[in-house]
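Top to bottom, those sequences are chains Y and D.
Mapped onto my numbering, the consecutive letters of the first sequence carry residue numbers 186 to 651.
Mapped onto my numbering, the consecutive letters of the second sequence carry residue numbers 186 to 651.
Everything labelled a hint here was simulated from the structure, so no lab data went into it.
For glycine and all other residues, C-beta sits at the position ideal for the given N, C-alpha and C.
Do not take every clue at face value.
Said to hold, decoys possible - To be clear about the criterion: a stretch of chain Y counts as covered by chain D if any three or more of its residues have a C-beta under 8 Å from a C-beta of chain D, and this derived list gives those stretches:
1) 502-514
2) 543-556
3) 582-595
2 protein chains.
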Amino acid sequence: MTSETGSLEAYLDEHRERRHAAYLDFLRIPSISGIPDHAGDCRRAAEFLADQLREAGAENVEVCETGGHPVVYADRLHAPGAPTVVVYGHYDVQPVDPIDEWVTAPFEPFIADGRVVGRGAADDKGQIQIHVRALEAILATRGELPVNIRYVFEGEEESSSEHLDAWLEGNRWRLGADIAVISDTGFFDGNRPAITVALRGVAAVEIHVQGAPRDLHSGQFGGTVHNPLNALCEIVAALKGPDGRIRVPGFYDDVVALTDEDRAAFAALPFDDEEYRTSVGVPALYGEVGYTTLERRGARPTLDLNGIWGGFQGAGGKTIIPASAHAKITCRLVADQDPDRIIELLRAYVLQVAPPGVTVRVDAEGGGRPSLTPIDHPATRAAARAIAATFGVEPLYIREGGSIPVTASFTSILGLPVVLLGFTNDDDHAHAPNESMVLANVETGIRTIAACWDELAATGVDGLGA
Amino acid sequence: MTSETGSLEAYLDEHRERRHAAYLDFLRIPSISGIPDHAGDCRRAAEFLADQLREAGAENVEVCETGGHPVVYADRLHAPGAPTVVVYGHYDVQPVDPIDEWVTAPFEPFIADGRVVGRGAADDKGQIQIHVRALEAILATRGELPVNIRYVFEGEEESSSEHLDAWLEGNRWRLGADIAVISDTGFFDGNRPAITVALRGVAAVEIHVQGAPRDLHSGQFGGTVHNPLNALCEIVAALKGPDGRIRVPGFYDDVVALTDEDRAAFAALPFDDEEYRTSVGVPALYGEVGYTTLERRGARPTLDLNGIWGGFQGAGGKTIIPASAHAKITCRLVADQDPDRIIELLRAYVLQVAPPGVTVRVDAEGGGRPSLTPIDHPATRAAARAIAATFGVEPLYIREGGSIPVTASFTSILGLPVVLLGFTNDDDHAHAPNESMVLANVETGIRTIAACWDELAATGVDGLGA
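Based on the sequences and whatever the hints tell you, model everything.
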């Protein structure tokens with residue numbers, strides 16, 4: 186233990202009770218962003234957090250108006266030449282329904298059996314507390330941070346981050362940085378320390394197939410015109426092969442191939458196909474040949490129908506050839522696929538395979554970029570060393586199949602590589618009743634964040650840009 | 186002109202005014218079977234018709250209770266050794282909406298420009314009048330019919346013939362016959378005399394595809410499980426080939442192939458593909474290779490989706506892998522396809538092509554048999570000769586793409602070959618405002634029916650069975 190680490194430990198030991206009490210106070214504020222009646226609570230949580238940041242030693246602390254719930258901004262920029270980090274978290278929480286399934290009141294938090302229990306304990310107030318306390322402890326014991334930090338804590342993550350992008354755009358002037366650290370993810374099954382290195386993006390389209398301008402009698406017209414529903418099925422079936430691969434020409438062109446290290450990282454994740462299959466409740470798993478289940482989920486793009494409709498859906502029968510058929514499709518994308526390009530490729534292919542006798546239209550419905558900060562990225566390496574030094578084990582590397590839209594915002598708007606460094610346990614019940622955070626994750630997490638800032642400082646601006 | 190024909194003409198000439206007046210009286214009764222308030226009118230129409238039949242010379246005239254609107258039964262069975270014919274028509278009519286589009290009141294009929302105008306003029310009261318007046322004129326001029334006839338005039342055809350099948354079942358004892366003549370069809374475009382020789386049947390199924398028991402997050406699960414919507418599309422796409430042929434093994438086994446005479450009859454129908462395409466409003470016609478549009482519609486089976494649904498259909502997006510997907514499918518069948526067998530073949534094939542990872546169920550949703558009384562059937566030949574003798578042209582032969590459920594009832598319940606001998610003009614506006622019947626069709630139709638009874642008598646029971 187270095188003397189610096191020794192001082193940090195002593196400080197954190199000394200202030201444990203106060204720290205935990207404030208964490209619980211933060212959780213008592215029902216800052217549910219999705220329920221308008223809680224707007225005042227969201228603002229209270231923002232003010233509470235701003236006060237905490239000021240007390241910890243952050244500067245330029247501001248509760249910023251966004252048009253919705255405020256963003257709390259703060260910074261500490263006294264490490265000239267060292268890397269600058271944007272830290273992101275969110276102080277808003279999910280609603281509490283179904284309230285009957287909570288064992289205790291969601292906003293009367295408590296600590297028991299090594300866990301902090303209450304709405305927001307894990308997602309994401311606990312992670313914000315980690316950052317605030319790391320800041321405080323470093324400043325208290327060393328007088329200054331080894332890196333420059335800008336904190337951005339929003340209040341609308343659980344209600345679509347409606348105003349965040351505009352706020353980021355409008356605040357570029359004070360968001361210059363080398364890297365973003367987003368703490369809104371967690372550990373792998375069994376509470377094993379992990380870094381999320383990739384998130385998938387999305388490209389969404391709707392396909393509209395039109396036949397005659399009105400429904401036709403299936404007896405009087407059946408056999409002489411194409412049926413838009415059959416035609417839509419033919420188009421959709423042409424999108425993927427029996428090997429699970431997407432047949433759209435060029436679709437995979439920009440996919441970053443898995444390295445041996447990537448595949449080893451996937452293989453290192455404890456995962457059992459049969460257990461997974463049973464938990465999902467399907468008769469068999471299904472996906473692209475040549476990849477494992479976790480690779481398919483984390484490192485390969487997909488094409489899924491989210492909805493399909495056309496014609497008669499009620500009870501009984503209606504013998505029509507419906508006028509039109511419709512499908513909503515989203516592709517999950519992986520680095521470096523571009524949503525706009527994927528949509529264009531998809532449109533071209535759909536029009537190419539569309540059968541005669543119908544009119545087909547493909548509407549772009551938006552998208553989001555995938556995110557990948559590779560295992561061998563210097564920032565990932567720095568975070569990994571910090572985890573190993575504090576949790577005592579090398580982290581696992583996770584590629585999430587889903588998207589965290591704010592991640593894409595930090596990359597696309599601010600141009601920053603993102604390290605997803607979060608500390609929640611996998612059984613945290615986020616978004617569900619009886620949310621809880623393993624207190625040891627929070628406590629060790631504070632040390633990890635402190636160590637990470639040192640590791641990033643040691644890497645240096647040039648090292649991060651490598 | 187024979188003397189018999191001469192007497193008939195004289196009789197019909199003499200009673201023209203009275204006949205037309207009674208036709209209009211029949212049309213004045215608003216016997217709308219689908220509207221409960223008109224139940225009394227339906228009964229009035231039945232009583233009116235029963236009186237007409239008695240006056241014409243029918244025996245055993247009875248207004249039969251059915252549980253719904255009554256069936257009018259009557260017979261005249263004094264031609265021992267001659268064929269027995271069941272004649273079918275319906276005295277009920279369609280509702281009058283949209284009432285604003287009627288130029289005159291729908292139940293205040295009149296004759297103008299050679300047409301009888303009013304609800305039911307064509308469908309089907311006019312055709313019933315043809316039969317009643319043929320009966321009356323033959324009995325008045327010759328004392329007896331050349332064949333035995335049982336009249337069955339129902340009152341629920343426009344509201345699904347709900348009670349007809351049960352009534353037929355319960356009255357088999359008085360429905361023994363050699364052939365059924367159904368007068369509820371009409372002439373071809375341009376008011377060209379025609380006989381409908383075939384109707385298609387139906388086989389209906391629903392396909393249900395189940396994935397996980399609940400909707401899944403398309404990011405967290407996408408790529409690892411099959412999507413029921415995609416799977417359904419794959420199944421549906423496998424049902425038909427790009428040649429428009431249905432790929433279900435055995436599907437075409439029982440289809441009666443078109444003879445050279447059948448194809449010549451199709452080719453004789455005045456029909457223009459481009460005109461049809463434009464009227465339907467599709468970019469191209471589409472169907473089974475090797476057949477003309479009319480053959481595809483009248484003589485070949487089809488497989489059409491009537492409805493498809495699954496997942497999210499609202500505005501915007503919802504990134505789910507839906508739990509289940511559903512499709513309603515009907516096949517139009519042609520002789521001698523059996524609906525139950527087709528459903529079994531379809532079920533077996535769907536289960537065979539179903540991809541792994543989902544559970545697929547095929548539910549039978551009922552069916553109806555196709556009907557075909559070939560051009561060279563002795564009864565068709567007899568009707569054709571009657572048309573040629575009275576209208577002065579050889580009839581065209583039509584195969585309708587749709588189904589007339591009562592036709593299947595007469596075939597499946599009573600085991601009778603059916604001749605669809607109807608006289609409406611193609612521009613009759615049946616089911617629509619300003620319904621009308623060309624009076625000459627009625628007048629000549631009376632002669633045709635009379636001639637047809639003679640032709641059937643000449644053919645004889647043995648000839649009909651050939």
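Outcome of the hint check:
1. As drawn, the stretch 502-514 of chain Y meets chain D at 10 residues by the rule of a beta-carbon pair under 8 Å; at three or more, the given contact holds.
2. Three residues within the 8 Å Cβ limit are the bar, and the stretch 543-556 of chain Y against chain D gives 4, so the coverage statement holds.
3. Judged by the Cβ-Cβ criterion of 8 Å, the stretch 582-595 of chain Y is covered by chain D as claimed, because 4 of its residues qualify and three suffice.
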